[in-house]
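When you get a sec, could you build the whole thing from the sequences and use the hints?
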Amino acid sequence: MLDDKYIALLDDYLDGNLNQEEADKLLSEINSNPDLKELLDILAFSRESIRMSGHKETVNKIYREFEKKQSNQSPKGKVVKFKPFGWVIGIAATMTLLLVGNYWVQNLPDSLYQEKYITYEIPTMRSDGDEEKILETHFKNKSWDSVTKGVSIEEPDRKILFLAAVSYFELGDDTNAILYLNKLKEINADSQEKLFEDEIDYYLFLSYLKSENYEAAKSTMAQIVSNPKHTYHGSFGIDDRIKIFALDLFKP
Numbered sequence: 011m012l013d014d015k016y017i018a019l020l021d022d023y024l025d026g027n028l029n030q031e032e033a034d035k036l037l038s039e040i041n042s043n044p045d046l047k048e049l050l051d052i053l054a055f056s057r058e059s060i061r062m063s064g065h066k067e068t069v070n071k072i073y074r075e076f077e078k079k080q081s082n083q084s085p086k087g088k089v090v091k092f093k094p095f096g097w098v099i100g101i102a103a104t105m106t107l108l109l110v111g112n113y114w115v116q117n118l119p120d121s122l123y124q125e126k127y128i129t130y131e132i133p134t135m136r137s138d139g140d141e142e143k144i145l146e147t148h149f150k151n152k153s154w155d156s157v158t159k160g161v162s163i164e165e166p167d168r169k170i171l172f173l174a175a176v177s178y179f180e181l182g183d184d185t186n187a188i189l190y191l192n193k194l195k196e197i198n199a200d201s202q203e204k205l206f207e208d209e210i211d212y213y214l215f216l217s218y219l220k221s222e223n224y225e226a227a228k229s230t231m232a233q234i235v236s237n238p239k240h241t242y243h244g245s246f247g248i249d250d251r252i253k254i255f256a257l258d259l260f261k262p
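For what it's worth, the numbering used here labels the leading residue of the sequence shown as 11, then goes sequentially.
Incorrect hints may appear among the rest.
As a list, the in silico DSSO-like pairs of lysine-lysine whose alpha-carbon atoms are at most 27 Å apart [said to hold, decoys possible]:
(1) 150 - 126
(2) 152 - 204
(3) 204 - 239
Hint data in this document are derived by calculation from the structure and do not stem from the laboratory.
Here it is, written out as structure tokens:
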């Protein structure tokens, strides 16, 4: 179990006050202890947030709602035990300070999107036909319009459909990106072989975020985080979950 000594130790690490041996030892422990890594994320994020101004009552509201939501998502009959540190609530509240300022609320979606954005790279594999080869070439050349114009939502080839979905995403057409990605989820649900499952989830999260559908983005993130085998499981920390929660809470 973590105790208060780790706060000072992690603070020293973030301040650069540890020597190389101490830092290496701490990093090794962080890599093997998910709770310690989460605490590091919280402390690092709180340092960023403390530079922003906010209102204590609003901050407390965010945390109370976040805590309530986490409790409601736990299985029935299971007692939810939050980490027994009074400072966790304080840190979590401090973290959310930056979420209530007008500047931050307005710019958080873009900054979160930029942090999580990745370019899809087509893996080296045999193409099944001329149409697929042509679309792959257009995709690699970032000719997004050339990819999307020839692909119907009823396209049965999931690889072609996925390339079209990502191309719509790159064009900023979130509506069609979400439409095509959800179509792929439907096809996968009825198929024994699942294709692009993890990529579909991740690009749905990004598309929901860009289109300001924060509730759907939050739900998709939770689905990814809850699956340790998901390719993008490690892409989201506690800070990301609080950010998206606050965006959903304070959406216009």
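Right, here's what the structure says about each hint:
1. 150 - 126: Between residue 150 and residue 126 the Cα gap is close to 21 Å, so the pair holds against 27 Å.
2. 152 - 204: holds, 26 Å
3. 204 - 239: Roughly 14 Å between the alpha carbons, so the hint for residue 204 and residue 239 holds.
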